[in-house]
Amino acid sequence: MTLYGDVSAGEVGNVGSTSSFFQDNDADYVGGRGLITAEGPSGMYLNPTSGTLAKGQFTAQFFSSGLEDNFNNTGYYNALLSYGVTDWFEVGAVGYVRDLDRNIVVLNASSEPVLQPDGHSTAAAWPMARILILKDEQWWPEFSIGGYASIGHDSLDKATIFGAAYKRFVIQPKGFLRSIGFHTGVRQLWQDSDASAQRSAVDLVGYFGGEIELPNHLYLVSEVGTKEDDARFVPFSVGAQLRLPQGYGLSLAALQPGDQRTVALP
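All letters in the sequence shown, in the order written, are residues 0 to 265 by numbering that gives the first Met the number 0.
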């Protein structure tokens, strides 16, 4: 569930014929923003993308998924609050809760399962920031860098930096197939060796995705990524995002983060 708002008013900068660094946006520019992800920042479903909020905009978003591995049925819950400081600089915070319905936890892929109390839950929160360096104009792709680091339970501690790019191609602005867009990016993560099983202590992950824009602001979105060192499966997701211009959004997808026995629905 997604909600956008705007707490400022005024004239935004004009856009030239070529892209330059850290530009202001025109009123119609959105870029490759997407909605909340399993990682927290907005994007596809598993990975963040390059789009930032416009100056003065804020967003409140919520994400939940149910996943199953060999030991637990797990609920994951994220909440995102984010604000556009400028058209190219976004800051925010993410809250994260992991809820296990059984009493077995695997600390990492090479360790033996350990017992935890029934109904074991862990939580963490982290700040995030994203800087839009280039906009999607002419032949230039949109490009951003960002990062986030968690504070909370040891099993969820991590720090991540990412770079993401996006390019959109308009097909029929008023037809059935409005546009197609392509996302790509990399994430470098550092995590405590006792942290979640799906993550190694240090890893570089690449990902690629696409989106198809249909009428009524409906987007079909899919992505695939490289496996982290301790992951058992190739991570992927496929689903739909509704991104209404009035400031509301909704996602539904099937996803495999890389260590789950079944594909999950958020």
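Where hints are given, some of them may not hold.
[To be verified] Pair ranges (Cβ atoms, derived): (1) W138 to G65: 33 to 43 angstroms; (2) L203 to Q171: 34 to 44 angstroms; (3) P126 to F168: 14 to 24 angstroms; (4) I150 to P244: 15 to 25 angstroms; (5) G74 to W139: 33 to 43 angstroms; (6) D153 to D23: 34 to 44 angstroms; (7) F175 to P126: 35 to 45 angstroms; (8) L251 to D27: 42 to 52 angstroms; (9) G151 to A128: 17 to 27 angstroms.
Hints in this document: simulated from the structure, not taken from any laboratory.
Just so it is clear, CB atoms sit at the ideal spot from N, CA and C, and this is done for glycine as well.
Hint by hint, here is what the structure shows:
Separation of W138 from G65 is about 42 angstroms and conforms to the stated range, judged on CB atoms against 33 to 43 angstroms. Roughly 38 angstroms separates the CB atoms of L203 and Q171, a value that falls within the hinted 34 to 44 angstroms. For the pair P126 and F168, the beta carbons lie near 34 angstroms from each other, so the given range of 14 to 24 angstroms is not met. For I150 and P244, the hinted distance range of 15 to 25 angstroms is not satisfied, since their beta carbons lie about 35 angstroms from each other.
G74 and W139 have their C-beta atoms about 41 angstroms apart, which keeps the hinted 33 to 43 angstroms range intact. Between D153 and D23 the beta carbon distance is about 42 angstroms. The supplied range of 34 to 44 angstroms therefore holds. Range check, F175 to P126: Cβ separation about 41 angstroms, and the 35 to 45 angstroms hint holds. Judged by the Cβ atoms, the range 42 to 52 angstroms given for L251 and D27 is violated: they are separated by roughly 26 angstroms.
A beta carbon spacing of about 18 angstroms between G151 and A128 agrees with the range 17 to 27 angstroms that was offered as a hint.
Comparing the model with each numbered hint stated earlier shows that hints 3, 4 and 8 do not hold.
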